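Asker: The chain contents come next:
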Amino acid sequence: MNVLVLPIALPLFTAAVLLLAPSRPLLQRWISFAGACALAIAAVLVFVRVERDGILVLQLGGWPAPFGITLVADVLSAMLVVATAVVGLAVASSAFSGVDPRREGFGYHGLIHVLLMGVSGAFLTGDLFNLYVWFEVMLVASFVLMALHRTRAQLEAAFKYVALNLIASSLFLTTLGLLYGGTGALNMAELATILPACENTAYETILAMLFLTAFGIKAAMFPLFFWLPASYHTPPAAVGAVFAGLLTKVGVYSMIRVFTLLFPGDPAMLYTLLLAQAGCTMIVGLVGALAQRDFRRILSFNLVGHLGYTTVGVALGTSAAMAGSIFYILHHIAAITNLYLISGVFLRLRHTTSLTELGSIFRERPLVAILAAIPVFSLAGVPPLSGFIGKLALVRGAFGAGAWWTGGIILAVSLLTLLSMARLWSESFWKTAPHGDKSRLPGVILLPIAFLSAITVAMTVAAGPLYQLAMKTSDQLLNPALYIDAVLKGGPQP
Amino acid sequence: MELILAIASGVLFGTGFYLMLRRRLAQLIIGLGLLSNGANLLIFTAGGLTRARAPVIAEDASLLVRPFADPVPQALVLTAIVIGFGVLAFSLVLAHGIHTMAGTDDIDEIRSGGG
Amino acid sequence: MTTTTSLILRTGARVLMPLLLLFGVFLLLRGHNAPGGGFAGGLVVAAAYILHFFAFGLDAARRALLTRPERLIGSGLLLAVGSGILPALFGRPFLTSLWFDPARGIGTPMLFDLGVFLVVIGVVLIMTFTLAEE
Numbered sequence: 001m002n003v004l005v006l007p008i009a010l011p012l013f014t015a016a017v018l019l020l021a022p023s024r025p026l027l028q029r030w031i032s033f034a035g036a037c038a039l040a041i042a043a044v045l046v047f048v049r050v051e052r053d054g055i056l057v058l059q060l061g062g063w064p065a066p067f068g069i070t071l072v073a074d075v076l077s078a079m080l081v082v083a084t085a086v087v088g089l090a091v092a093s094s095a096f097s098g099v100d101p102r103r104e105g106f107g108y109h110g111l112i113h114v115l116l117m118g119v120s121g122a123f124l125t126g127d128l129f130n131l132y133v134w135f136e137v138m139l140v141a142s143f144v145l146m147a148l149h150r151t152r153a154q155l156e157a158a159f160k161y162v163a164l165n166l167i168a169s170s171l172f173l174t175t176l177g178l179l180y181g182g183t184g185a186l187n188m189a190e191l192a193t194i195l196p197a198c199e200n201t202a203y204e205t206i207l208a209m210l211f212l213t214a215f216g217i218k219a220a221m222f223p224l225f226f227w228l229p230a231s232y233h234t235p236p237a238a239v240g241a242v243f244a245g246l247l248t249k250v251g252v253y254s255m256i257r258v259f260t261l262l263f264p265g266d267p268a269m270l271y272t273l274l275l276a277q278a279g280c281t282m283i284v285g286l287v288g289a290l291a292q293r294d295f296r297r298i299l300s301f302n303l304v305g306h307l308g309y310t311t312v313g314v315a316l317g318t319s320a321a322m323a324g325s326i327f328y329i330l331h332h333i334a335a336i337t338n339l340y341l342i343s344g345v346f347l348r349l350r351h352t353t354s355l356t357e358l359g360s361i362f363r364e365r366p367l368v369a370i371l372a373a374i375p376v377f378s379l380a381g382v383p384p385l386s387g388f389i390g391k392l393a394l395v396r397g398a399f400g401a402g403a404w405w406t407g408g409i410i411l412a413v414s415l416l417t418l419l420s421m422a423r424l425w426s427e428s429f430w431k432t433a434p435h436g437d438k439s440r441l442p443g444v445i446l447l448p449i450a451f452l453s454a455i456t457v458a459m460t461v462a463a464g465p466l467y468q469l470a471m472k473t474s475d476q477l478l479n480p481a482l483y484i485d486a487v488l489k490g491g492p493q494p
Numbered sequence: 001m002e003l004i005l006a007i008a009s010g011v012l013f014g015t016g017f018y019l020m021l022r023r024r025l026a027q028l029i030i031g032l033g034l035l036s037n038g039a040n041l042l043i044f045t046a047g048g049l050t051r052a053r054a055p056v057i058a059e060d061a062s063l064l065v066r067p068f069a070d071p072v073p074q075a076l077v078l079t080a081i082v083i084g085f086g087v088l089a090f091s092l093v094l095a096h097g098i099h100t101m102a103g104t105d106d107i108d109e110i111r112s113g114g115g
Numbered sequence: 001m002t003t004t005t006s007l008i009l010r011t012g013a014r015v016l017m018p019l020l021l022l023f024g025v026f027l028l029l030r031g032h033n034a035p036g037g038g039f040a041g042g043l044v045v046a047a048a049y050i051l052h053f054f055a056f057g058l059d060a061a062r063r064a065l066l067t068r069p070e071r072l073i074g075s076g077l078l079l080a081v082g083s084g085i086l087p088a089l090f091g092r093p094f095l096t097s098l099w100f101d102p103a104r105g106i107g108t109p110m111l112f113d114l115g116v117f118l119v120v121i122g123v124v125l126i127m128t129f130t131l132a133e134e
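In the order they appear, the protein sequences are chains A, B and C. For the first sequence, the working numbering begins at 1 and goes up steadily by one. For the second sequence, the working numbering begins at 1 and goes up steadily by one. For the third sequence, the working numbering begins at 1 and goes up steadily by one.
The shape of chain A in the complex, shown without the other chains (with noise of 0.2 angstroms):
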């Protein structure tokens, strides 16, 4: 059996149960989160695999790359696909507190298992055109998501968002359209011996353009970021926080990966404008922050502005900074992921995230804001917990790459980012609430909270380790004969 193939063959086998399933919402709910377990279970064998072997390649179907479709799990990848499975546990076991029961009869369930599918197919796949089909798969998935509600300030943001996606969508289209045109090829390790042979600069040039404006609407780049703070804010907490927690992500890993291969340290214009978009994402996002009043807007520009974090590494193309914006990217799954979900606690007790009506939790619900305090302040960079340590490690590889504008503008962002999550602490756990609580909470709503807590708890204590796997990720990334031969010659098979 190809372990490779469980990460997507799961999610989407839990879907088609989901769908054949009695409606019932208790029996919905276990074996969403059976299936979830079960894709954990299925990402950390792959994780174990890749760390044991080395890189894995599954060619689909028996036809050797190029000709067929591959799927390839560097550390990179394992990684996230991990991570996408940690996401997908809290987000199904979210659901034992309650789903808005509309959505519940619509297929919740089943979309965010689609969800999840799509998004380790992006990771998993070695071939862009099949990227291109995971993208539209988590994005129709999170386009249904996000429209089933009905309240005008939902629908505009839905349609929002699909508008923007789908442009990302076509412009992606077109780039390969180009790129099989002039090379003739799809498979990413293929490209990568292609393209930076090429002398056709302008050609070069054009592609990257294109791949740039592509990946930055889909991983809410600065200046193509506003479709996100309009839209993220309005579907409930446990979609908000899986969006969150993974789309944008793959817009950013679908940056790292495409351009390490097929642009590697060329052409120049593509690093340069990646580092000054990076950098005026950080602060535009964090300056967005600061003039928000709504706990989950706040958290949809800190987003946006952590999002710049993300892509200072493949920007700055050294080995530390690489290692540093991977291991943030890590620690920001996490933390983002629950802060969404802590939104959700907001919404059942005040029905409101609206920082006027928040505060008195940490006198009355001490143990809600002792576990929101992990993630809140992990965000902040308060040392010692990991996102301090992410942030240093990419501070270090700024300076270390002579990049002393963005290292400057990171420290200057953290301490932005430091002020808002201050206030969005003293705001909404600290100062005495206008209103009481408006419903009972419900213990279960803690448990996907103190799971991701702990997890954000357990990057702090193995970080050493942790920044160790980040390191030996970039150096694999870094040097893409290693990809390359591993898909074109048959490394490990599975």
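Bear in mind the hints are in silico, worked out from the structure with no lab data behind them. Note that the structure is a prediction, hence the values are computed from the model and not measured. Ideal placement from N, C-alpha and C gives every residue a C-beta, glycine not left out. Incorrect hints may appear among the rest.
Unchecked claim - Just the calculated beta-carbon pair ranges, DEER-fashion:
hint, chain 1, residue 1, chain 2, residue 2, range
1, C, Arg104, B, Arg24, 38 to 44 angstroms
2, B, Leu3, C, Arg30, 36 to 42 angstroms
3, A, Pro101, C, Ala34, 43 to 49 angstroms
4, C, Gly91, A, Cys37, 25 to 31 angstroms
5, C, Leu22, A, Ile206, 47 to 53 angstroms
6, B, His96, C, Leu16, 24 to 30 angstroms
Guided by the hints, dock chains B and C onto chain A, whose structure is given.
Answerer: Just chains B and C, lined up with the frame of chain A:
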């Protein structure tokens, strides 16, 4: 032939983007449709045009004889058309929902209607 | 949707429905080596039900389908995954084609196509029915 198709694809992109800059949802959706068709036509053209030479090995031969039409772009376009069809149908359902709720399909009015 | 549809449409739909269903299945089976296949066949079958819905209303169309479209999607996905897993159980890569009778095209690709057929019917009908309900 390439030139004509290239111009056609350019026109589709241009009109698509123009329509997407309008404020009406209906126009936005038509724009999206044109845009995805422009992209499909571009893949088809960029993949090379070969007329009436199917990439099928003749019964008495064991190898494909050049020139033959490249099947990959056609497979890509087919996939993209299917995906585009699904996504477009979904956005129609969404726009219909917005229209019945807000009573208008002007983006600014939907917004000022509050929510 | 009430009974205001014309007699011509209703009579036409009654005659066309079985023909369309049969044609859809024909396209599915023919798709192995000739134009056709699960996607086209599924669209034709979905069109048959949409015609039924135009002529006799939403409830009649739902009844004629005999099951919920969600079920169709679910079983279609299961068939498609199963056709991929099957070769993996025999130690071949995921989605490798296994043939029972290659000349007639009976094998796992047929199973996959059947899955696509069911998913397409389900998805198109879900969207149409949702639009019709609003």
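Asker: Can the suggested window of 47 to 53 angstroms be confirmed for the beta-carbon pair Leu22/C and Ile206/A?
Answerer: At roughly 50 angstroms between Cβ atoms, Ile206/A and Leu22/C fall inside 47 to 53 angstroms, so the hint holds.
Asker: Taking 43 to 49 angstroms as the hint, is the beta-carbon distance of Pro101/A and Ala34/C inside that range?
Answerer: 47 angstroms, holds
Asker: Is the hinted range of 24 to 30 angstroms satisfied by the C-beta distance from His96/B to Leu16/C?
Answerer: 27 angstroms, holds
Asker: Taking the beta carbons of Gly91/C and Cys37/A, is their distance inside 25 to 31 angstroms?
Answerer: 26 angstroms, holds
Asker: Within 38 to 44 angstroms or not, the Cβ separation of Arg104/C and Arg24/B?
Answerer: For Arg24/B against Arg104/C, whose Cβ atoms are near 52 angstroms apart, the range 38 to 44 angstroms is violated.
Asker: Check the following: the C-beta atoms of Leu3/B and Arg30/C are separated by a distance inside 36 to 42 angstroms.
Answerer: Since Leu3/B and Arg30/C have Cβ atoms about 37 angstroms apart, the given range 36 to 42 angstroms holds.
Violated hints amount to a single one, hint 1; each of the other numbered hints is respected by the structure.
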